[in-house]
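So the protein sequences, as listed, match chains A and B.
Residue numbering for the first sequence follows our numbering, starting at 1 and increasing by one per position.
Residue numbering for the second sequence follows our numbering, starting at 1 and increasing by one per position.
Keep in mind the hints are simulated off the structure, nothing from the lab.
Do not take every clue at face value.
As the list claims (entries may be wrong) - Taking lysine-lysine pairs in the DSS-like style, the calculated list, with each CA pair at most 25 Å apart, reads: (1) B:181 - A:132; (2) A:92 - A:67; (3) A:171 - B:171; (4) B:171 - A:140; (5) A:62 - B:132; (6) A:67 - A:192; (7) B:132 - A:191.
So the chains spell out like this:
2 protein chains.
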Amino acid sequence: MENSKQTIKPRKDETDMQEIVVLRWGHRLQRDARLTTHVALTARALGASGFLLSDITDEKIKEAVEKVTRSWGGKFFFEMGTSWRGAVSDWKATGGIVVHLTAYGENIQASNVLERIRNLRKDVLLVVGSQKVPREFFSKNVSDFNVSIGNQPHSECAALAVFLDRFFEGKELVKGFGNAKIRIIPQERGKKTVVNR
Amino acid sequence: MENSKQTIKPRKDETDMQEIVVLRWGHRLQRDARLTTHVALTARALGASGFLLSDITDEKIKEAVEKVTRSWGGKFFFEMGTSWRGAVSDWKATGGIVVHLTAYGENIQASNVLERIRNLRKDVLLVVGSQKVPREFFSKNVSDFNVSIGNQPHSECAALAVFLDRFFEGKELVKGFGNAKIRIIPQERGKKTVVNR
């Protein structure tokens, strides 16, 4: 994201991974505190490069997410306070596309929307609402794609998880997180961790 | 679930769908209200048959989830107040298996754990914790499988979503919900619903 304001993102070739940054819109202090934290941690754990909390700041969430990144490793940026409008136009100006997750969009299972997004080979700003989003989010000025994870009401956290898992085809669940102080050794039973302080 | 206490569940044949019921453990009033609601709605939208809020009652969540089911259709039961221990032993006594979602378990992507669960062709009680779970959850007395959706800390709501999406192989996202009063017609832009009152 540091570069997003300076350089045009080139179209990715076959070997480059498309990057995803999650933009969380409509966060309400207190009411959404835990959900937004879960959305941010899901973004990190399931392969996104970073997280933008738009139009508001919430130091507690920033601290919680950055603490996880410091302990569990990997690169993951957390930004907040940027206006969604500015973030979207900067993203588009540098060659990225915007995908809006909404129950009203094209069904990820029933349509070829994911294939169309992947085929563009561009970095994705993934917009995840909380409260009811402005109608403008559905327009071409904002979203290049409106994608639904089923067309039932459920959870932005769940929708984000399924989108990332499908977009990265499961590879996100086995990637390493560099410089981790703590790491889980998966096993059939019990809890096993390796700690490097 | 009505039948689970009365009849032994037969092993499913190839054409039968294995059923999943989600057990939410460790819910804390207020603090977890919205997350637990999201977990329950995710369970419903992504193909589970019902939801057990164990060891506590929370009328607001029950009302919120049942309201969604009344409007958006389908069958989905919501139970609360049952002890987790009773629910697990009843489930096992009637031939079901228990799967515990935890960051410490076998990685769903790196292992064959999902295949092993599917091959048993038994109904699944899917245990989703909130606060730190009792160590007993990892033992054979409780869990037949401990499954992780990646081995990073993130969200039980995200973990549930990915598990259900993979378990049902995406079919859950296109299934119909009978007797719906409201239904979304997915589309590229805007919000389109059909309402039957």
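Which constraints among the numbered hints does this structure fail? Numbers only, ascending. 2, 4
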